[in-house]
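Peer 1: Chains as they are written, first to last, in the numbering used here: chain A, 1 to 247; chain B, 1001 to 1291.
Hints may be right or wrong, so weigh each one.
What the hints assert, rightly or not - In silico lysine to any residue, SDA-like type, Cα no more than 25 Å apart, as pairs: (1) B:K1164 - A:E118; (2) A:K122 - A:S149; (3) A:K128 - B:K1164.
Calculated from the structure, these hints are not laboratory results.
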Amino acid sequence: MLRLLRPIWERTIVLKVEHLDVFYGDLQILWDVSFEVKEGEIVVLLGANGAGKSTTLKAVSSLLKLANGSIEFQGSRLDQVRSHKVIEFGVAHVPEGRRLFPEMTVEENLIIGSLTPEAKAKRKETMKRIYELFPRLDERKRQNAGTLSGGEQQMLAIGRGMMSLPKLLMLDEPSLGLAPILVMDIFRIVQMINKEGVTILLVEQNVKHTLTMCDRAYVLENGRITLSGTGNEFLNNDHIKEAYLGI
Amino acid sequence: MEVFLQTLVAGILKGGLYALIGIGMTLIMGVMGIINLAHGQMMMVAMYITYVFFHYIGLDPYATLLISMPSLFLLGVFIQMFLLNPLMKVESILPENQVLMTVGIGMVLTEIARFIFTSNYLSVKTSYSTAAIHIGGISFSVALMIAFIFACSLTVGLFVFLIKTDLGRSIRAVSQDGEAAEIMGINAEQIKIVTMGLGAALVAAAGSLLLPIYYLFPDIGGPFTRKAFVITILGGLGSTVGAIFGGVALGLAEAFGATYIGMDFEDMIGLILFLLVLIFIPGGFKRLTKV
């Protein structure tokens, strides 16, 4: 699983999103959204409820049609493939609200995460690795996913995403509805996954924690990117302090 | 006491076949989110296939399973690919309108059968159609028992397929959360096509197994669509295990109704059970079994 990373200044752009316009029916949700993610980075999309964060991730996953713009991952146009093909490019999406298969066991949920030929070949190994990362899942592997606690469900959702051996892992509000101590756990694990060479695109409302761990961040407001910069720049930005950190 | 046991046996044996009909409907219900109101009519088609091969070639009705099941699988695939899936792509059409499409498909199948075979009642008479084994005063119909054994094996086979194979797991995943299944790399459209084929093949098996002990005419589909619907509701929509309970419950209700109230009331008892379940356990047997 471990991949050696090049120094930060030599890293290439893996995900390039340009001039995205997305509609739900007649309602425009995203307006000219552009951002990029480099190899090995943790990039955060911040924003209030309804700002268009989840919509952005859904667009990358090809679940939504673009009115304008393009999404490129390592040179391939993701917006031109169907949603079930996206995972074959190495892009895994851990959706908002976890979206597990509630009447399947923990183990079956993990199996469903590894249906691509390459992932299937390494299914046993990867599963062992996931169980090391989340021992709680190992204890409950024969239990139905619907019977897990919120924290365990989030771990399973991340584990299921990791089963496809992704290059880019997109996480949609993994801290949603979790106790603060579990939130810390989840973020620690996200950092561990990143250190193993997986690029992370994170959508969060939990601004304080994410800014300290991310490389770069973008702010979405009413469907537009209004600000971008490194985590530290954001922590010292007056607008961010006022609007998101409440300082 | 003997009458009671006899009725119980008859009900359970018939219930096994009903379960087979119900499971096909339930699978389709789970994955597509709609009820297939052409289900009984598909069974009718399978019964005519069995009839033709028996009547003109002399093939044993049970051997025709090998023909009727694959044929109906293909019919199901065709219906899903060219009639139901295209409806989903038109945004102004509600997904529910697929149900109307299945009603239309059922009518077309019935009328095609009437055109070819006329409305005459047909039946398949084999040496074992009326044979029975007697154990302690209770008679077991040979044809029903063979049908029951086939139905059980097919059901077990289906469960192994759904639990142990990636394709089976994918079918369950799509029925539990279609969008999440898509981002896991499952082609939901393809899964729908396979599931429709599978549901059609299962009801085809029920039709071929039923023919030696039943009769056949073009309008036989309607009552069986209704039965399949009742079984699906009894079991809890989309629950395959529930459908087995639903099938056996309907078989028992019909058998006891026919024995203790009167032959004419057979169908009514099933519908009364249906209403009682809707009123008192709206989630169906799924709520009681938790599976």
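Peer 1: State for each hint whether it applies.
Peer 2: Status of the hints after comparison with the structure:
1. Among the hinted pairs, B:K1164 with A:E118 is consistent with the structure: their alpha-carbon atoms are about 20 Å apart, no more than 25 Å.
2. Pair hint A:K122 plus A:S149 does not hold up; C-alpha atoms about 28 Å apart against a cutoff of 25 Å.
3. For the proposed pair A:K128 and B:K1164, the alpha carbon gap of about 19 Å is at most 25 Å, so the pair holds.
Of the numbered hints stated above, the single one contradicted by the structure is hint 2.
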